[in-house]
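Colleague: First to last, the protein sequences are chains A and B. For the first sequence, this note's numbering assigns the number 1 to the initial residue and increments by one for each residue that follows. For the second sequence, this note's numbering assigns the number 1 to the initial residue and increments by one for each residue that follows.
Since the hints were derived computationally from the structure, they do not count as laboratory data. Each hint should be verified, as a subset may be incorrect.
Unchecked claim - Distance windows between CB atoms, simulated:
no., chain 1, residue 1, chain 2, residue 2, range
1, B, 103, A, 406, 30 to 36 Å
2, B, 100, A, 81, 24 to 30 Å
3, B, 83, A, 74, 53 to 59 Å
What the hints assert, rightly or not - Footprint (simulated), chain A over chain B, 3 or more residues, beta carbon under 8 Å:
no., region
4, 43 to 49
5, 57 to 69
6, 84 to 93
7, 98 to 104
What the hints assert, rightly or not - Chain B is nowhere near these chain A residues, computed Cβ spacing over 10 Å in every case:
no., residue
8, 8
9, 40
10, 77
11, 93
12, 115
13, 213
14, 216
15, 233
16, 240
17, 241
18, 313
19, 317
20, 336
21, 380
22, 421
All C-beta atoms, glycine included, are put in the ideal place defined by N, C-alpha and C.
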Amino acid sequence: MPKLLEYRGKALLRKAGIATPDGRVVSTAGEARSVAEALGFPVALKAQILAGKRGLGGGIAFANDGVEVEAAAQRLLGTSLYGWPVTELLIETKCPILSELYVAVISDTAARAPLMIVSTSGGVEIEQAAQAGTGTTVSAAVDMRRGAPAYWCLDVVRTLPLPEATLVALAGVLARLYEVYRHNDCTIAEINPLAVTERGLIALDARIAIDDDAVFRHPELELERSQEVGDRNATALELAAAKIDEHDHRGSTHFVQIDPDGSLAKAQGKISIGFDGIGTGVSMAVMDELVPLGFLPMNFCDTSGNPTGSKLYRITKAILAQPLIEGYVFASCLSSQQLDVTARGIIKAFKEIFAPHGGAPTIPCVFSFRGAWDDVALDLFHQHGIDAHPWVRILGRDSTERELAQTFKDLHERWRAARGMAIA
Amino acid sequence: MKEVAWNVFSGGSVTIDLERCVSCATKACVSACNVPNLGSALALGPDGLPALAIAPERAAQGGCIECLACDLACQSDGLGALTFSLPTPEVDAYLDALRVAGDAPGRGW
Numbered sequence: 001m002p003k004l005l006e007y008r009g010k011a012l013l014r015k016a017g018i019a020t021p022d023g024r025v026v027s028t029a030g031e032a033r034s035v036a037e038a039l040g041f042p043v044a045l046k047a048q049i050l051a052g053k054r055g056l057g058g059g060i061a062f063a064n065d066g067v068e069v070e071a072a073a074q075r076l077l078g079t080s081l082y083g084w085p086v087t088e089l090l091i092e093t094k095c096p097i098l099s100e101l102y103v104a105v106i107s108d109t110a111a112r113a114p115l116m117i118v119s120t121s122g123g124v125e126i127e128q129a130a131q132a133g134t135g136t137t138v139s140a141a142v143d144m145r146r147g148a149p150a151y152w153c154l155d156v157v158r159t160l161p162l163p164e165a166t167l168v169a170l171a172g173v174l175a176r177l178y179e180v181y182r183h184n185d186c187t188i189a190e191i192n193p194l195a196v197t198e199r200g201l202i203a204l205d206a207r208i209a210i211d212d213d214a215v216f217r218h219p220e221l222e223l224e225r226s227q228e229v230g231d232r233n234a235t236a237l238e239l240a241a242a243k244i245d246e247h248d249h250r251g252s253t254h255f256v257q258i259d260p261d262g263s264l265a266k267a268q269g270k271i272s273i274g275f276d277g278i279g280t281g282v283s284m285a286v287m288d289e290l291v292p293l294g295f296l297p298m299n300f301c302d303t304s305g306n307p308t309g310s311k312l313y314r315i316t317k318a319i320l321a322q323p324l325i326e327g328y329v330f331a332s333c334l335s336s337q338q339l340d341v342t343a344r345g346i347i348k349a350f351k352e353i354f355a356p357h358g359g360a361p362t363i364p365c366v367f368s369f370r371g372a373w374d375d376v377a378l379d380l381f382h383q384h385g386i387d388a389h390p391w392v393r394i395l396g397r398d399s400t401e402r403e404l405a406q407t408f409k410d411l412h413e414r415w416r417a418a419r420g421m422a423i424a
Numbered sequence: 001m002k003e004v005a006w007n008v009f010s011g012g013s014v015t016i017d018l019e020r021c022v023s024c025a026t027k028a029c030v031s032a033c034n035v036p037n038l039g040s041a042l043a044l045g046p047d048g049l050p051a052l053a054i055a056p057e058r059a060a061q062g063g064c065i066e067c068l069a070c071d072l073a074c075q076s077d078g079l080g081a082l083t084f085s086l087p088t089p090e091v092d093a094y095l096d097a098l099r100v101a102g103d104a105p106g107r108g109w
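The following block holds chain B by itself, in its conformation from the complex (with noise of 0.2 Å):
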């Protein structure tokens, strides 16, 4: 699969499936990617898909602030290319031993 990937600071990772972007007519990750006063960790890279802006070490270092707009926009105005994965294994942890009890919250976790 082509893709871009980095990691972030605050542990998780983001990954495109660029192969979808091809035919993405919106390429919304990339414009929702503004911090205002900070410029853009995403660009429109030579072949017109989105690509980090910034070396994945500084985006790894807190370049990529984690305000999850590209993640929505993707979501929203694109094709579902792009995963923003957040771990909380301690939360996780914790909804299984509540599952384990037969305590867990009825809410589709």
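Bound-form chain A, shown alone (with noise of 0.2 Å):
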């Protein structure tokens, strides 16, 4: 879910008739303190990242002179917030406010519509302000055959107790808000804070996110694709992944790191290990069989949807492109997709990568075959010598998922005595 920088979401306001307060982005102090001088003090530095709680963490300060921007500019620019380095900063207009309201609209998945949600508790989590009953808050799913007209969205809100002038520009912002919605394919456009001003109602804070499938049909936002990975930037790895699903339709490769350092493992004792799954439920049942052997996949991977044999070549070869990983388990468990194409592809990467072995996997590696053709992609693993090597292991439609994982274990220890590593 690609999510767009506040700069950027209040680009697309501003273009669709919302107002926000004046600035410019800057990434020195220098230009932070010209840009302050041209728009007039006081001003409010943000830092863009891509994370939440900004104010929380002090990514966001403001200055009423030259000195205090520069002072400020310094601080915030180079550090890291919530992980993220701060290398730009937005300078704006403070604005004075007379009261905050928070605006949504989200994709919602248990009304299979656009969630329309407005809460008069403006300018803190609306999950909190729901859970300490404060302020009141209104939602409606809108149609999007009607899409959200102002005199619906001003039926929606007309129960808050705010004034009537303050309601009626309120229904104004709700209905180009959901064109922003709509018109860039969002999952959420969000404003927290919506200010109240006397000059009417400014968007002081902008949250946009895209859908990921959507991101094609958007190259005027310059996005770069890659899978869900929460609050986080994608890898290099992931973003490599990503290419190629962009433009072949035919079965998935939905490839995210779960532990793209190997932190995650080292922290809590285990071994890092290449993971790929045809279907989710197997997926999740081999991953809880080989997390308390020990060992924790460094990415999850799903190649369902009878994708090509190339697309399982070039994903084999991300997988495998992992340094840190003593390992690598295949599962499948589908009766959906051709497993001797899928098999065709991984025979295709493993002898181009282990090339220099003879083709002969220098980690060991476990594959379940189980689902349509499972038996000739058994011929085929056996045709092309991948399962004569020692550190290979292939397992058939009667095989288990604890199995699995206990064959890998064993197999792992092996190669590890083999190694004289001591064994995990």
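Combine the two chains into a complex, taking the hints into account.
Modeller: In structure tokens form, the structure reads like this:
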């Protein structure tokens, strides 16, 4: 779910006719000062990172003159906030605020519709406000066939304890926010806070996230497509893997690094391994069996939906490119996929990757082929000599997830022993 | 070199060195190219050598389903005349960066 930095989100809001404070993005303290002096004081300096709670984390500062601006900019730039390096600041005019509102349009899977949410408790997390019972919150599912015209939005907010003029202005903002949500294929379009000022309603922040599957429709946003990776940047390998799926709709190669740098495995005393599964259910089941045995998949990968052999070839290269893995596990349990095609992609990748070793894997690798054409897959591994290598085990349709994990553990122990390494 | 070649939908190409195929007794690539219910992209031509059975444009649009059957069949039962080239520039760039940093996986890349 690619997210937009605040200043880019605000650009979309402005384009839709929603007011935001005057401001500019800078990357040096000197630039910050000259922008602030042009805008007029006081100003806000806001770290441009893809994480929330910037105010609490010290990522937002206010300044009343040029000296203060430079000092605050020097303090913020080059630091790290919630793991994100701060390289850009948004310098904005500080608005005199009468009160703060929360407004959002989110994709609600329960309602199977966009959900419009409005609260009089702006400036804080909406969940916290709901828990504390502060303010008044209203919400309504939007009928996408009709959209969210201002008169409909006014009906949504009419019970809020706000002056009539504010309600009318709020309805206008909501109608425009819904346009931002629809036009850009968002999963969330949120303004928190939406400031009530003497000049009207002004969006002081913007949180915009785009649907992964719609990124290709918005080249103007210049987003790099990656799979869902939570509140962190996609890794270089995740971005590389996402390219495999980008223009090829035939099956999926959903690749996410669970523990990109191996630090989680290290902290838990586990061993990092590469992982590929066909079907998320079997993947979860196999990972559940592997973890108690001392292994932590460095990545999750789902290659289901009957992908081409070429996709399997490419994603297997990506999985095995992870330098810290001490093994590779492949699991399938699916009747709707041609496992012979899957096998060919993996075999081609293995023969190429381990070519300097005659195609023999140098790390323990266990495969479980269960599903349609699984017998052909097994034959192919045999035909190409992969199953004859000492660090390879191949299981068929009569094997369980537990047997797969135990087989890998036994093989890994022998592999470590052969290298004079301690058994985990 | 006498060859038959086509591009594939995902970005890549297949090239068959027909001079090698002359002495190939199996033509395993052709018999391996058999997509259930869709037919084959490869067939034997009038000269008895592998040939595209569909237009190259159609092959590039997905007519070649990139199952890699021809590739592996040529390796195991043929004479290694077929090259199924599937570039992975982003993964290669990632590995290059690891090599520069001295962190490349020691698996023979």
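Colleague: It remains to establish, for every hint, whether it holds in the given structure.
Modeller: Status of the hints after comparison with the structure:
| no. | hint | in the structure |
| --- | --- | --- |
| 1 | B:103 - A:406: 30 to 36 Å | holds, 31 Å |
| 2 | B:100 - A:81: 24 to 30 Å | holds, 29 Å |
| 3 | B:83 - A:74: 53 to 59 Å | holds, 57 Å |
| 4 | 43 to 49 | violated (count 0) |
| 5 | 57 to 69 | holds (count 6) |
| 6 | 84 to 93 | holds (count 6) |
| 7 | 98 to 104 | holds (count 3) |
| 8 | 8 | holds, 24 Å |
| 9 | 40 | holds, 45 Å |
| 10 | 77 | holds, 26 Å |
| 11 | 93 | holds, 42 Å |
| 12 | 115 | holds, 36 Å |
| 13 | 213 | holds, 18 Å |
| 14 | 216 | holds, 15 Å |
| 15 | 233 | holds, 15 Å |
| 16 | 240 | violated, 3 Å |
| 17 | 241 | violated, 8 Å |
| 18 | 313 | violated, 6 Å |
| 19 | 317 | violated, 5 Å |
| 20 | 336 | holds, 14 Å |
| 21 | 380 | violated, 7 Å |
| 22 | 421 | holds, 14 Å |
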